[in-house]
Amino acid sequence: MHGYLITSPLGDIALRADGNALTGLFFVGQKFFPALALGRLDHGAPSVVVQARNQLAAYFDGTLQAFALPLRLSGTAFQLRVWRELSAIPYGAVTSYGAIAARMGLGPEHARAVGGAIGRNPVSIVVPCHRVLAGGGGLAGYAAGLGRKQALLALEHGTRAPELARPAPPQTPYASTPQ
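Residue numbers (the numbering used here): 3 to 181.
Just so you know, the hints here were simulated from the structure itself, not pulled from any lab data. Mixed in with the good hints there might be a few duds.
[As the list claims (entries may be wrong)] Distance ranges between label pairs, derived from CB positions:
1) Gly-109 to Thr-9: 41 to 51 Å
2) Thr-65 to Gly-109: 38 to 48 Å
3) Leu-7 to Pro-72: 16 to 26 Å
4) Gly-46 to Thr-9: 13 to 23 Å
For each residue, glycine too, the CB sits at the ideal point set by N, CA and C.
Sequences and hints are given; from them, build the entire structure.
Here it is, written out as structure tokens:
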């Protein structure tokens, strides 16, 4: 399967589409990264891939809070239910694995199964699995690494994690003083 490679502030991202819908969004090298023949985004990319690139750029700039992309997700019925719940988590909000299980009408003993389904999310960021925390509110589990999860949460809370910080302008050796 072919993927399209884009650069983000958190590393290279592979986008996969079936023509009309996005089917995958993975940080290169993340856990469960599929085998893809990766090429740079060019004029031959499906329009949904170009839309995804543009919306991701706006998201990382802090100007987009909700993605509007057609998705075609493949998974078990349980995984699809979990991913629908993830999609309902608002920008800047967080929840827990147990809370997702409860919203699905399941008991707390299903939190691990929910976590397993979240770990297999094929469209990271767009289906916001980074907004799910451990029961005690701590960072836990993110296929692309906890540093990226922390940076995405910081972005959504209006702070910049080091990975997202823009370089400071060069400083001159002289400070001006008011006269």
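Results of checking the hints against the structure:
Distance hint for Gly-109 and Thr-9: a CB-CB separation of about 43 Å, consistent with the stated range 41 to 51 Å. For Thr-65 and Gly-109, the Cβ-Cβ distance of about 40 Å falls inside the hinted range of 38 to 48 Å, so the restraint holds. At about 21 Å, the CB distance of Leu-7 to Pro-72 agrees with the hint of 16 to 26 Å. For the pair Gly-46 and Thr-9, the beta carbons lie near 18 Å from each other, so the given range of 13 to 23 Å is met.
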